[in-house]
Every structure is written in C-alpha cells, then in structure tokens.
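**Student:** Chain by chain, the residues run as shown.
2 protein chains.
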Amino acid sequence: KQMTGKQSIQFDRAPHIIGSSSVAGKKEGEGPLADAFDLICSDDRFGEDNWEKSESTMQNEAMKLALQHSGLFPSQVRYLFGGDLLGQLIATSFGMENLDIPLFGLYGACSTCGEALSLAAMAVAGGFSDYAAAITSSHFASAEKQFRFPLGYGNQRPLAATWTVTGSGAFILGQKGGHARITGITTGKVVDFGVKDSLNMGACMAPAACDTIYQNLMDFNRQPSDYDKIITGDLGYVGQTILHDLLKEKGFDIAGVHMDCGIEIYDRETQDTHSGGSGCGCSAVTLAALILPKICKGVWKRVLFVPTGALLSTVSFNEGQSVPGIAHAVVIEHC
Amino acid sequence: KQMTGKQSIQFDRAPHIIGSSSVAGKKEGEGPLADAFDLICSDDRFGEDNWEKSESTMQNEAMKLALQHSGLFPSQVRYLFGGDLLGQLIATSFGMENLDIPLFGLYGACSTCGEALSLAAMAVAGGFSDYAAAITSSHFASAEKQFRFPLGYGNQRPLAATWTVTGSGAFILGQKGGHARITGITTGKVVDFGVKDSLNMGACMAPAACDTIYQNLMDFNRQPSDYDKIITGDLGYVGQTILHDLLKEKGFDIAGVHMDCGIEIYDRETQDTHSGGSGCGCSAVTLAALILPKICKGVWKRVLFVPTGALLSTVSFNEGQSVPGIAHAVVIEHC
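Protein chains in written order, with our numbering: chain P, 1 to 335; chain V, 1 to 335.
The set of hints was computed from the structure by calculation and includes no laboratory data.
Only a predicted model underlies this, so the values are computations on that prediction, with no experimental measurement involved.
Among the clues, some could well be false.
Which copy? The list can't say, so a pair holds if one copy fits it or any two copies do.
[What the hints assert, rightly or not] Under the rule of at most 27 Å between Cα atoms (straight-line distance), these lysine-lysine pairs were calculated in the DSS-like manner:
| hint | residue 1 | residue 2 |
| --- | --- | --- |
| 1 | K301 | K176 |
| 2 | K64 | K297 |
| 3 | K294 | K176 |
| 4 | K64 | K6 |
| 5 | K196 | K145 |
| 6 | K176 | K1 |
| 7 | K248 | K301 |
| 8 | K26 | K250 |
| 9 | K27 | K145 |
| 10 | K196 | K248 |
Assemble the whole structure, with the sequences as input and the hints as a guide.
**Tutor:** See below:
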C-alpha cells in the first residue's frame, strides 16, 4: 500500500533523479548561486526577439542539458511534465515542441516544479514510463508583462514584493541511477486565507506551505528533525516568517531546518530584490544547482522540497478575488 | 509491462469510471443533447456576477453532482485533476477551492479532459489513489473575453470558427464499479503544422488528432474498426474533413466510425454555430451526457475518446506565432 495518511504517497519503488540542469538569467548569474548554474544567459534574451520566445528557448536549453546529463535521447523519455507561469503555458508549448515527447501541460503557479516532479515520479513508480521528465520555467520580463506593469514604466516595488526569477530547471527521472531519489510526495490543496495583496505573495502562499508541510509530517509520522532540510519554493523573507509562525501554532518549530529557494537565489543587500525571488523557475534552478548536489553527495540525507504557488491571474485580481495558495511537497533522499 | 508501443499505456488493472456529471449552459441546453445533461443553467451566470465566477460555480456544481452519482464524499477522493481555458486556471482554482481535495492543475487547452482522465487513470491504476477525479470546463463568455472580442462588440465570426461550449464535465475513477473502464491511453505531443488562423481551430488541431489516433492504432496494433467509435473533442466540420484526409494519407479510413463532440453538441442549422462547438467543456459534457451512457449500456463496446487542444494565447497569437495542437486519447470500454 503506497497511499500514506491523508494526501501522501510513499513509493514502493522510489524513482531516481538521474539527471538535472539549471539555466538562469543575468541577474541570477550575479547572485550567490552563480557558480552552480549550468548555463547563464548574459542578456536574458537567449537569442530571441521577444520575452516569451526567450523563455521557451531557455526551457529548451534546460531540457537538452538535462537529457545530456542523463545520457538519454529525447525519444527515450516517454512522458514530459512541464509548465510555466504564462497564460495558456505558451513558454512550455513552444519550448518543448521540437523535442517530440508526449507532453502533460501543468499549471500550479510557482508550485509547478513540485507538481511536475510528483507526477513524473508517479509515472515511473507506477511502471508507466522508464524515463519521465519534469521541467518548469519563469522569466522576469515575461512575468512582469503577464502580471504586473510594462518594464519601461519602472514602477516602484513594495518591500514585501518578490523578484521573478529568470530560470528553468529540468529533471529526468528513471528507475535506477544517480544518487537522489523521490521516496514520497504530499500533494497540496488550494488554501485561501483571503489575502488580496498580489504584491505580497509570501503572505498568500505561506498558509498553503504550512498546510502541506504539516500534512506531510502527519502522513509520514515524522518530526521536522527527520529532515535535514525543509525547503520551500519562493516564500521569501516575509512568507518565511509567516510560515514559521503558522507551524508553531500547530506545534512544529521548523526554523532550524527551514530554507527558502527565494531567499537563497539572490543577495538581498546588493541585488535589491526585497523579499526574495519567486516564479516556478526559482525552486527549479535552486533544486538543480544547490539542493540536488548536496543530496547526491550525502551532505543532506533527506530533504522535503516544497514549491509554493500563488493562484491568481490579472482577471481574478482585478475582479477583487483573493489570492489562494497551493504547495506540492516532494521527499528527496540520498541513495 | 503496461507500456505499449511508443507513447501508450495498456493498464494491467483498468480503472473504472464510477460516476460522472454534465452541467451545461443555456445554448447547449437548447441543442441536441438537451435531455441528456444533468443540469442546465438558464442564463449562463450560475448565480454569479462575473463570467469567471460563473465558470467556477459551474465546475463546482459538476463535481458535486459527480460525487453524488458515485456515492462519495469529497474527502474520499485522494486526488483531483482539473483545468480550464482561462489564464492561470482561475476557473478551476476557485471552483475546486471549497472541496478540499489535493489538486493537480492541468492545461492542455481543449484536450484537457483527455489529459485529466489519463492522469487520474494512472493515479488509480498505479495504486496511488482509491478514487481520483477529473474535471474540465469552458464558458462561452469567459473564453470570448480571454481570447477574442468583448461580447458587446458583436463581431462577425468566420464560417470556420467554432462556438465555445458553456459546460463542465466531471468524472470519478475508482478500482471497481460502474460499466465503463479506461483500458488504455495514448498521450499526445505538440504538433505544429504552422497554421496561424486562430479562428480556424479545427485546422490547427486536426494534425494533432491525426498524430495521436495514428499512434494509438500503431501502439495497440488496432484498426479503426476495432473501435465502435473514434470520437474527437472539438474539431468541428472543418477539422473533421482535414482529419479524415490526413489519416487517409497514412492509410486509415476512419470516416465510418468517426464522431466529433463539437459537431454533436449543437444543431448547426438552427443554432448558428458555424463549424461546431469547442472548449474543454465540449468533450467533457459530451462524454458524460452522450458517450458514457452508450458505453455503459453496451451499445458501444470500445471507444477511442480523443479531446483536441489548440495551444495559443493572445500573446503568442499577437506575436505572430503559429497555433500548434495537442490531442490526448483515452480508450474506454464497456464492462
């Protein structure tokens, strides 16, 4: 029986992460993880003439690198699970088009990396696929255009705002190989605390992160200390504080083991990124560049990776709706 | 070994469709399937004050009915696979919010019903979930606002255009029960013939439908006559002709067994719907209202259900990109 607790799975045959890659933009390439990225683009355009195509090309580069690192041809990957932040997932559709791999398009806002890894893991663990791929991306300029203001307008950003990461992370899962494997997942629900400030996404997503982490601890009967790290996607400094407070109310203190990809990816002091980084590329490139290498080396034996998403569109925001959150957790262990 | 051919799965333990529902709008309720829908809303508003909320409420009604028809509480459904056509899936996020079921958000344009059923089937067949739900919706007014022109503008529609269906179909999958089961799937790739006319979606999607149907016949080593019906999602009259021609070039004549949900749902003569219906509610409500009852009664023993999607956004369209297609096939059999 692989179903564990209320909303988790513990895989009988845990799928292995056999290859990964991280492709990042200029600003990310000037941050703390600069040396760890596989590829950094010097002007964020990736050779294209509009931001959406730039994001597609970045995704394509990431997937090609991950395949290369895994020693696989695209035709050996049976299913691809991918998504991005843009309306109708155009970065993914056009980015993955020429790879000719059957595609499941996903949308979980910035939680999509967790969603994609969860489903790719189910595909491999269920015997439905020898190899499955997961990919997500975000791009500062295409996201600003989609959700915020024209770049040329140069609007001020409140201190609670996060900076959308230009980056794409790709992962290849297989039945064996590599030194990291996905041993379990906890799939998140839509959690709505009624927060309406779309420029404070940390506050919008922290309740969902709390819900999923709490449920993971319950479902697997674990304590925070059973993880070397609990790593959220892009709560940033503001969301991190809220998450710690919310989990304390439920009896868990995770401050000692918690880390947030949105905090790791930029240097707040020198890069003017306010609350931190965000976007579904944020957790993806941090996983590939920083987290997986540490798991593979055995520095961390067991990590709970929890990408977090804010479920809004400009339409829902302008119609006065709240911004609910969702978070999908993946348990990754050294092997 | 469940992997079959290049991109298909034949399930060892085929999941059963134990309950379904169809909720439709006014125009759909005046069409040929009027008597078969579970619920018809007389003004397309479903009691809400904007179209996006109307679509969310319609989805919510559909899921509640499907649960009721399956004799289940929401808490018994471990995973929900859902999506819609709106940017960032706001119809689904807000529509499913109060059900408190772990959610995998999906985007495959109008092919999403096939994508959702495929993944829900994998979740149940893989032993990851006793019950899984699949839901999709589209709404004429929210889709026109998203993709086309303001309703008040009253623009003319070319004859190749389709009419977005206001409807939502929900399906509950389980390990046993009911008289229909999903015995296999063929997952589609992004297929791009370079068509750029977003008002001729049949032409955009027909190549993808051809690719997936052809691959299904190859992977399962079947002839079109091995299916009682091959049913595409929303190619409409224009796309149907193209599909038949493309498959003939590959050596298959499906004209005798082919049916299209977009053609079935409206009366072209009296309802002024040009090439037919479309939207990811189109195939979903037709499956629930027309196709499943015939499979359950044994009138049809084996059906290939192939929802088709056009992968565009207003941004990609305005930037001069083509409109690629994708199609996800599900084999449904009487039991």
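**Student:** Work down the list of hints and note, for each, if the structure agrees.
**Tutor:** Here is how each hint holds up against the structure:
1. With identical chains, the CA atoms of K301 and K176 are at most 27 Å apart within one copy only, with a shortest distance of 18 Å there and 39 Å across copies.
2. Taking the closest pair of Cα atoms, K64 and K297 come within 27 Å of each other only inside a single copy of the chain (24 Å); across copies the shortest separation is 48 Å, beyond that limit.
3. Taking the closest pair of Cα atoms, K294 and K176 come within 27 Å of each other only inside a single copy of the chain (19 Å); across copies the shortest separation is 44 Å, beyond that limit.
4. With identical chains, the CA atoms of K64 and K6 are at most 27 Å apart between copies only, with a shortest distance of 20 Å across copies and 37 Å within one.
5. Taking the closest pair of Cα atoms, K196 and K145 come within 27 Å of each other both inside a single copy (20 Å) and across two copies (23 Å).
6. In this assembly of identical chains, K176 and K1 lie within 27 Å of each other by CA distance both inside one copy and across copies; the values are 21 Å within and 17 Å between.
7. Taking the shortest alpha-carbon separations for K248 and K301, only the intra-copy value of 25 Å comes in at or below 27 Å, while the best inter-copy value is 56 Å.
8. In this homomeric assembly, K26 and K250 never come within 27 Å of each other (Cα to Cα): the closest approach is 40 Å inside a single copy and 47 Å across copies.
9. For the homomeric pair K27 and K145, the shortest alpha-carbon distance inside one copy (18 Å) is at most 27 Å, but the shortest distance between copies (36 Å) is not.
10. For a Cα distance limit of 27 Å, the shortest separation of K196 from K248 inside one copy, 24 Å, qualifies, whereas the shortest one across copies, 54 Å, does not.
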